[in-house]
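Chemist: These are the residues of each chain, in order.
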Amino acid sequence: MKHLLAIESLAPEDIERIMERAESFAEVGRRDIKKVPTLRGRTIVNLFFESSTRTSSSFELAAKRLSADVVSIRSAGSSVDKGESLKDTIATLSAYDPAAIVIRSPHAGAAELVTRWTDASVINAGDGKHEHPSQALLDVYTLRQRLGSLEGRRIWIVGDVLHSRVARSNILAFGAMGAEVTVCGPPTLIPREIETLGCRVAYTLDGLGDAEVIYALRMQRERMGESFVPSIREYAARYQIDARRLSPRQLLMHPGPVNRGVELAAEVIDSPNSLIAEQVEGGLVVRMAILYELLAGGERPETARRRPEEVPEPSPIGEPA
Amino acid sequence: MSAISSLSWRRGEKGAGLVLRGARALDPRAGIDAAHDVVIRDGQIAELAAPGGADAGELESVEAEGLLALPAFFDPHVHLRSPGHEHKEDLETGTRAAAAGGFCGVLAMPNTDPPVDSAPSVHALRQRADREASVPAGFFASITRAMAGDELTEMAELSEAGAVGFTDDGWAVPSARVLRRALQYQKLAGGVLALHEEDSELSGEGVMHEGAVSAALGLGGIPSISESTMIARDAALAAYEQARIHVLHLSARESVEAVARAKEAGVRITAEVAPHHLTLTDEAVRSLDARFKMNPPLRSEEDRQALIEGLRSGAIDCVATDHAPHSPEDKEVPFEEAAMGVTGLETAFAVLHTDLVVPGVLDLELLVERMTAGAAAFDFDVPTLAAGSEANVALVDPEAEWEVGIDGWESRSENSCFAGRRLQGRVLMTVAAGQVAYRQRSFAMGVAA
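Residue numbers (my numbering), protein chains in the order written: chain A, 1 to 321; chain B, 1001 to 1449.
These aren't lab readings, by the way, just hints derived from the structure by calculation. Each hint should be verified, as a subset may be incorrect.
Cβ-to-Cβ under 7 Å is the rule here; a few derived chain B residues that face chain A [said to hold, decoys possible]:
1) Ala-1215
2) Gly-1218
3) Leu-1219
4) Leu-1288
5) Phe-1335
6) Glu-1336
Computed list of lysine to aspartate or glutamate pairs in EDC-like fashion (alpha-carbon distance at most 20 Å, straight line) [unchecked claim]:
7) A:Lys-34 to A:Glu-60
8) A:Lys-87 to B:Glu-1414
9) A:Lys-87 to B:Glu-1337
10) B:Lys-1014 to B:Asp-1130
11) B:Lys-1331 to A:Glu-84
Which chain B residues face chain A? A few, computed with CB under 8 Å, are given here [what the hints assert, rightly or not]:
12) Glu-1210
13) Gly-1211
14) Ala-1212
15) Leu-1217
16) Gly-1221
17) Val-1333
18) Pro-1334
19) Glu-1337
We put the CB at the ideal spot given by N, CA and C, even for glycine.
Model the full assembly from the supplied sequences, consistent with the hints where possible.
Modeler: Dropping the structure here:
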């Protein structure tokens, strides 16, 4: 695998392989020295054109745990703000001969576009409202840790599906692992024909009791101004997951950051049902596994400017650096 | 009705003199379909003689056996980008592209910079076309000043200056009140109002057709009804004011139905459709390739079928390319940021021939009829092969296969959604308003040899 652009282009075997690798990295995280030399001497560029705490810090730490050199660029203060095109930015960064570029962009397809302009592996860390594949992989990982297989599991994704790249990637990823996915939210926030991605659609939480996993999405307050919902109050009354709606045998997930009191009531966030902290933990090892898969697993990535003898051999992950 | 030669173009000293030997002359409207020696003398169709029967005399003889001699096409919807965006296209390159596509006349949209909203602008464009245009070109003026949708342009003066009609193409006229005034004023100024139909309240921030593909890609959707509801509104206004309107670039099934209903009700309405809407669907956008971004967007297969059926039934009068050149910087960006529009003049016939005529979806006769009928929608003589008429002829090899873009482009821009496709059917020569406007290079060399 050269790039990670979308869950849509992954086969279930690809997901399995990344999951297994992530499990072995979880063991590394329990050691005193949490670092392996796999990517020593290689450069990873994090290019974030949108604000992000979790994803950018998680990718950065994952790269560092694999001993890579990391450059993180945010759009504020970079030449992008001076009107440089994405193409020129990538050309500039490619001169550093990075092994991978991790990109988050407000525009669908940006990561794929970048693959045309660089020899580096490209990881989509969120492109517009399209996909967020590393999030979906860490969500699958987190659920597998708790449930084992996802085969036949009933998962409800609740909230603003229309504006959510997490929802799109998760519908596909959960589906690929055999789960039955239902999306639920106000009709104004469910895209027309979303069921063609292989999910059911519900407009009320009436059938929520049937779900084994509830995945709540972030409800952005600015959607109110655009008349998608009449008020946050009405939204919360209809779609908020609270202690009354969440039964003890159901698991609760959220991609963060949470709007307390909007999509989730405070009492459920810290309840034993909640996997939110595990998701963040899982994010680190899954992103290590993604970097490993693209840069050290399987075929050698093509870095045009580096001669083969200079490529460090990937070390077995058992040896600390 | 005005002659195509009354438009603006670089007139030669004298008209073409040619004999197209043994071509299949096909002009369904004139009831012509047989092998002929097509004799063009002094820029006029002098005679359709029996094959081998014409005495060429001083005329150039062109071996045309196995080729089609068609009435040249007429495109009522192109963007020549002048003034203001000459890095994308200008009158010279745009009309060369038209000639290469077999078109003998084009009508250019006024969404330039500045927009064509004053008589001096129209004069200036016509004068430039007199020097630069390979085929006759007409110029629309905008309906509203600066195309802002608020105040009417000086339509009567613009008509006198030679504007061929009025349009705010690129945008709808959002205000029903303003559009109604324009329709009323048409009684004084003349000129058909060509309408870009889009309720921006419904299309919003959309960048592609709203449907399964937009749901999967997370891209803002442009619902079909954002077009059809505006057509219904404007057809009602036109009916009330007994005015004449032309609906630009239909894209959706509901729009075809709205036009058909208006026609049944006696509204003076014509409509056009673009080759890309007849041959591609929103599935092409899954690639997120900005070459497939245009407004109106590529829609579903059901919509595409309805457009083909509309062309067949006559609900849609003509094919128009909406040739919209853009520079690479406008397209080498993420899909949402990319400019709307694709080029179309150089590929229109070949694409429709390959995708619709060759597989038997559409008759060649009907395609020829619809690719010439755009002239009538704006009161220009429809190109014909009838003896005694101005020579507007496209000589086409229906068997020739070629790869789009491999020989470069006449247009200054390359944003074709068909680049790289292999097509069957190629324009070899175009005679526009009595003059040879184009010869395909290898064909021209063949003639010389």
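Chemist: Against which earlier hints does the structure fall short, listed by number upward?
Modeler: Violated hints: none at all, because every hint is consistent with the structure.
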